[in-house]
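Peer 1: Sequence:
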Amino acid sequence: MSTGKAILFLGATGGCAFSTLHRSIAAGHACIAVCRTPSKLTAQLSAEQQAHVTIIEGNAHDAAVLRTGLIHPSKPKTLVDHVVSALGNPITMEGLLKPDGDVCRHGMEVLLQSITALRTEGYAGRPRITGVSSTGLSEVARDVPIPFVPLYKVILHSPHKDKRGMEALMMASGEDWTIIRASLLTSGPGGQKPVRAGMEDPVAKKVESAAIGYSITREDVGKWIFENVIEGDATWVAKVATVTY
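When you line the sequence shown up against UniProt numbering, it's residues 1 to 245, in that order.
If you're looking for bench data, these hints aren't it; they were derived computationally from the structure.
Just so you know, not all the hints are guaranteed correct.
To be verified - Here are the simulated distance ranges between beta carbons:
| no. | residue 1 | residue 2 | range |
| --- | --- | --- | --- |
| 1 | Gly28 | Ala124 | 18 to 26 Å |
| 2 | Ala51 | Ala124 | 24 to 32 Å |
| 3 | Ser39 | Asp233 | 33 to 41 Å |
| 4 | Asp233 | Pro147 | 33 to 41 Å |
| 5 | Arg119 | Pro150 | 42 to 50 Å |
Said to hold, decoys possible - Only pairs whose alpha carbons sit at most 25 Å apart, straight line, appear in this in silico DMTMM-like list of lysine to aspartate or glutamate:
| no. | residue 1 | residue 2 |
| --- | --- | --- |
| 6 | Lys5 | Glu139 |
| 7 | Lys40 | Asp62 |
| 8 | Lys153 | Glu139 |
| 9 | Lys205 | Glu139 |
All C-beta atoms in this analysis are idealised placements derived from N, C-alpha and C, irrespective of residue type, glycine included.
Please model the entire structure based on the sequences and the hints provided.
Peer 2: Printed below as a string of structure tokens:
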């Protein structure tokens, strides 16, 4: 395994987390991914990449599964350095009509409980937790274009309620966290447009810099997380990043 950072990924088969994952593998970090269906992840990885990621089959809502993933692979009684959580349901008509509105919030709840439980058993470490959320949730200032406001408030009400619950747990956790509020996610390659990132301090209830846009690819969101969180400094700790084109 890598001698670099140890990173646990939740929701790694999705575009944002996978983009961060494959860059982290290339950088030599020790990557761990919790997957309900491991074949969905291995299908996206070369044999060489697969050799540098530990895949744990299971549900990210299962405390026993998370316990395994949170333990540093090469440092005894130590927690991983980072957790990247990109849990969530794909936006489909069926999902909007019959939403599972607790995927993100409950996943974060179990994660935080698992970290606390391991610490009571003598595990050291302070994983930096990154949660992929959405624009349209700011209580400080509008962070979406005006034409998108009705869409976000009505059609995306249920998934946004779930994301808001996840964010609240992160902010109250006492852990080192960064929330990524991405604008409308699209598929396709990254690197086609400049990425902008606005910074919000939800504790001080202040927008330190604004970035309002319509969309961004999942690939570029994951790249931003890798460059600014995994490989970055503490600039974004306890901050919300609004990531968009």
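Peer 1: With reference to the structure, classify each hint as holding or not holding.
Peer 2: Against the structure, the hints:
1. The hinted range of 18 to 26 Å is satisfied by Gly28 and Ala124, whose Cβ atoms lie roughly 23 Å apart.
2. The given range of 24 to 32 Å is respected by Ala51 and Ala124, whose C-beta atoms sit roughly 28 Å from each other.
3. At about 37 Å, the beta-carbon gap between Ser39 and Asp233 stays in the expected band of 33 to 41 Å.
4. Between Asp233 and Pro147 the beta carbon distance is about 36 Å. The supplied range of 33 to 41 Å therefore holds.
5. A C-beta distance of roughly 44 Å is found between Arg119 and Pro150, which places it inside the suggested range of 42 to 50 Å.
6. Restraint check: the Cα-Cα separation between Lys5 and Glu139 comes to about 33 Å, which exceeds 25 Å; the hinted pair is violated.
7. Between Lys40 and Asp62 the CA atoms are separated by roughly 19 Å; this keeps the pair inside 25 Å, and the hint holds.
8. With a CA separation close to 13 Å, the supplied pair Lys153 and Glu139 stays within the 25 Å bound.
9. A distance of roughly 8 Å separates the Cα atoms of Lys205 and Glu139; the hinted pair therefore holds under the 25 Å criterion.
This entry does not satisfy hint 6, going by the numbered hints stated previously; all others are met.
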